[in-house]
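A.B. asks: Here's the letter readout for the chains.
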Amino acid sequence: MTINEIQDRIIREMIEFEDWMDKYDYLISAGRQLKPIDSSLKNDDNLIGGCQSKVWLEAERKNNKVRFFADSEALITKGILSLLLRIMDNQTPDEIKNADLYFIEETGLQSHLSPVRANGLGAIVKQMKNYFD
Amino acid sequence: MSADMIDIKAVRSDFPALNQKVYGKDLIYLDNAATTHKPLSVMDRLVDFYSTINSNVHRGSHYLSTEASIAYEGARESVRKFINAARPDEIIFTGGTTESINLAASSFGRAFVKEGDRILTTLMEHHSNIVPWQRLCGEKGAELKVIPIDDGGNLKIDEFKELITKKTKLVAFTYVSSVLGTVNPVREISRIAHENDIPVLVDGAQAPQHLPVDVRNLDCDFFAFSGHKVYAGTGIGVLYGKKRWLDAMEPYQSGGGMITSVSFESTSYEETPLKFEAGTGNIAGALGLESAIEYLNKIGIEKIAAYEKSLTEYALKKLQEVEGIRIYGSSKERCGVISFNLKGVHHHDLGTVLDKLGIAVRTGKLCAEPLMEYYGISGTVRVSFALYNTKKEVDTLIEGIEKARHVLQAG
Chain A
5 MTINEIQDRI IREMIEFEDW MDKYDYLISA GRQLKPIDSS LKNDDNLIGG
55 CQSKVWLEAE RKNNKVRFFA DSEALITKGI LSLLLRIMDN QTPDEIKNAD
105 LYFIEETGLQ SHLSPVRANG LGAIVKQMKN YFD
Chain B
1048 MSADMIDIKA VRSDFPALNQ KVYGKDLIYL DNAATTHKPL SVMDRLVDFY
1098 STINSNVHRG SHYLSTEASI AYEGARESVR KFINAARPDE IIFTGGTTES
1148 INLAASSFGR AFVKEGDRIL TTLMEHHSNI VPWQRLCGEK GAELKVIPID
1198 DGGNLKIDEF KELITKKTKL VAFTYVSSVL GTVNPVREIS RIAHENDIPV
1248 LVDGAQAPQH LPVDVRNLDC DFFAFSGHKV YAGTGIGVLY GKKRWLDAME
1298 PYQSGGGMIT SVSFESTSYE ETPLKFEAGT GNIAGALGLE SAIEYLNKIG
1348 IEKIAAYEKS LTEYALKKLQ EVEGIRIYGS SKERCGVISF NLKGVHHHDL
1398 GTVLDKLGIA VRTGKLCAEP LMEYYGISGT VRVSFALYNT KKEVDTLIEG
1448 IEKARHVLQA G
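Heads up: the sequence lines are chains A and B, in that order. Residues in the first sequence are numbered from 5 upward in steps of one, following my numbering. Residues in the second sequence are numbered from 1048 upward in steps of one, following my numbering.
In case anyone wonders, no lab produced these hints; they're calculated from the structure. One or more of the hints may lead you astray.
Said to hold, decoys possible - Which residues of chain A face chain B? A few of them, derived with a C-beta cut under 7 Å, are:
1) W24
2) M25
3) I32
4) Q56
5) S57
6) E77
7) A78
8) I80
Stated by the list, open to error - 16 Å max Cα-Cα, derived EDC-like pairs, lysine to aspartate or glutamate:
9) K1068/B with D23/A
10) K1390/B with E77/A
11) K58/A with E1416/B
12) K1072/B with E22/A
13) K1072/B with D23/A
14) K1072/B with D26/A
15) K1450/B with D26/A
16) K1450/B with D23/A
17) K1412/B with E77/A
18) K1450/B with D29/A
Here a beta-carbon is modelled for each residue, glycine too, at the ideal position from N, C-alpha and C.
Please model the complete structure; the sequences and the hints are all you need to start from.
C.D. replies: As structure tokens, this is what we get:
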């Protein structure tokens, strides 16, 4: 699926929830599904600055597709990472670089994250886009 | 005096910010150690100042300026009484505790600290009582030494004594820990320091809103606190200093309002406190602080202390019943804050879920990274109380924690 097709699907999944606790339940279960990364990847090189909880991001390129590996100490952050990986993993470097991640706004994630957390999310997206730039 | 003597309903009606919903839930505000909400009388005072005698102080020759100057000095006198300083000129208005400590570090440091000297601080300090001293020591070639704590969050007084040398110039420590809630034995520390001719600076950011402060009884040489944590507005704070120290110290910032004469060859300065108050201060803020003090006095700080003690003890008891909780700090003398973690739950996740339930708490390193390092943790959740919080709110907090625990704990 394309980046936009996956985003649209996530938007459909998330707009069903009226109560924000339900959205957090969704993020938390997404967080639980995020595959833990090898502890050797949890190093300072992969650490993303600007996040309230520690976030590690690693990527590799295979057959012109980018594979992302990410983890965090915090479960809700892992949930957000899980959504980002669902969208960005296994796409081409060009698609990743040019992605317009409108799901953040349309799911209400943007306005329901604290500015600090929203900045952290921005830092993760930027790192993903710049990885093979 | 009975703890029940505060009319909590009347108190809460004085604080309009408490009466709001967040995410459709009644706000439960338990982040009072970061900042308290403001009673109407404080806000009215700001509006009244700007609507009437608004003008600059100590400068004008006109009516409004005279009135504003009288009001500003009246606020200084109210602060003096509030902390029982000997003289009003021992009260310097600053922007807050951080600026107060920076002022002390800069001006005291310039006058008294030199290469090879030693400053003592403690492991339980907020960054604002570490970094200014660290910078001073860096600039002067002095050393910063840290008084350790035990696991319960009490200062190790014996080790403090051992850290004192002939070159020790100051002991800077907190009255009430913003993480552990520990109330430090200020009088005892002052006495030990003074036996060695060392002055002490007390970070009082978490003290005067919770307990009576008497700087003469504590016998501290400096005492710093913030207006916004004692129900006044942001951007106003106080540095108390014994006059003999303030007289011997150089100005902090320089400019208007703090000189007696200026030529391009030389400048002579005002006496304290004006020599430390360069530029136009937060006049309205100082008046707001006076109104906050009047508000506290009207209820009675002893009554507030007794009420909050019973509230904190209730919260501690309830929190201790939560499965998998670890509470940091178990000092017998405590007030204000309770910091904790839940097993298997990241503090940030817990704070986020509580937030969605309308409960405001603080999470993270709480501006006390060395203390977090000591406990080997990346942060905590902190609940902190004010005179307007209730046991019912504590009950809702516990329900919220239980709910978050079910959602967040693995398995």
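A.B. asks: None of the hints should be skipped; say for each whether it holds.
C.D. replies: Verification of the hints:
Annotation: interface hint on W24/A holds; nearest CB of chain B at approximately 5 Å, less than 7 Å. The closest approach between the C-beta of M25/A and any C-beta of chain B is roughly 5 Å, which is under the 7 Å cut-off, so the hint is satisfied. Against a cut-off of 7 Å between C-beta atoms, the interface hint on I32/A holds, since the closest Cβ of chain B lies about 6 Å away. Look at Q56/A: its Cβ gets to within about 5 Å of chain B, closer than 7 Å, so that hint holds up.
Hint status for S57/A: holds, given a least beta-carbon distance of 5 Å to chain B, under 7 Å. At its closest, the beta carbon of E77/A sits 5 Å from a beta carbon of chain B; the interface hint therefore holds under the 7 Å criterion. Interface hint at A78/A: satisfied, since its Cβ lies 4 Å from the closest Cβ of chain B, which is below the 7 Å cut-off. Using the Cβ-Cβ criterion of 7 Å, the hint placing I80/A at the interface with chain B is satisfied: the shortest such distance is roughly 5 Å.
For the suggested pair K1068/B and D23/A, the alpha carbons sit about 15 Å apart, so the restraint of at most 16 Å is met. Using a Cα cut-off of 16 Å, the hinted pair K1390/B and E77/A holds, with the two alpha carbons roughly 13 Å apart. Under the criterion of a C-alpha separation no larger than 16 Å, the hint pairing K58/A with E1416/B is consistent with the structure, at around 15 Å. Annotation: proposed proximity of K1072/B to E22/A holds, straight-line Cα distance about 14 Å (limit 16 Å).
For a cut-off of 16 Å, the pair hint linking K1072/B to D23/A stands: about 11 Å separates their Cα positions. At roughly 15 Å between alpha-carbon atoms, K1072/B and D26/A fall within 16 Å of each other, so this suggested pair holds. At roughly 13 Å between alpha-carbon atoms, K1450/B and D26/A fall within 16 Å of each other, so this suggested pair holds. Between K1450/B and D23/A the CA atoms are separated by roughly 15 Å; this keeps the pair inside 16 Å, and the hint holds.
Distance check on the hinted pair: K1412/B and E77/A sit about 14 Å apart at the alpha-carbon level, within 16 Å; holds. Proposed proximity of K1450/B and D29/A is supported: the alpha carbons are some 11 Å apart, at most 16 Å.
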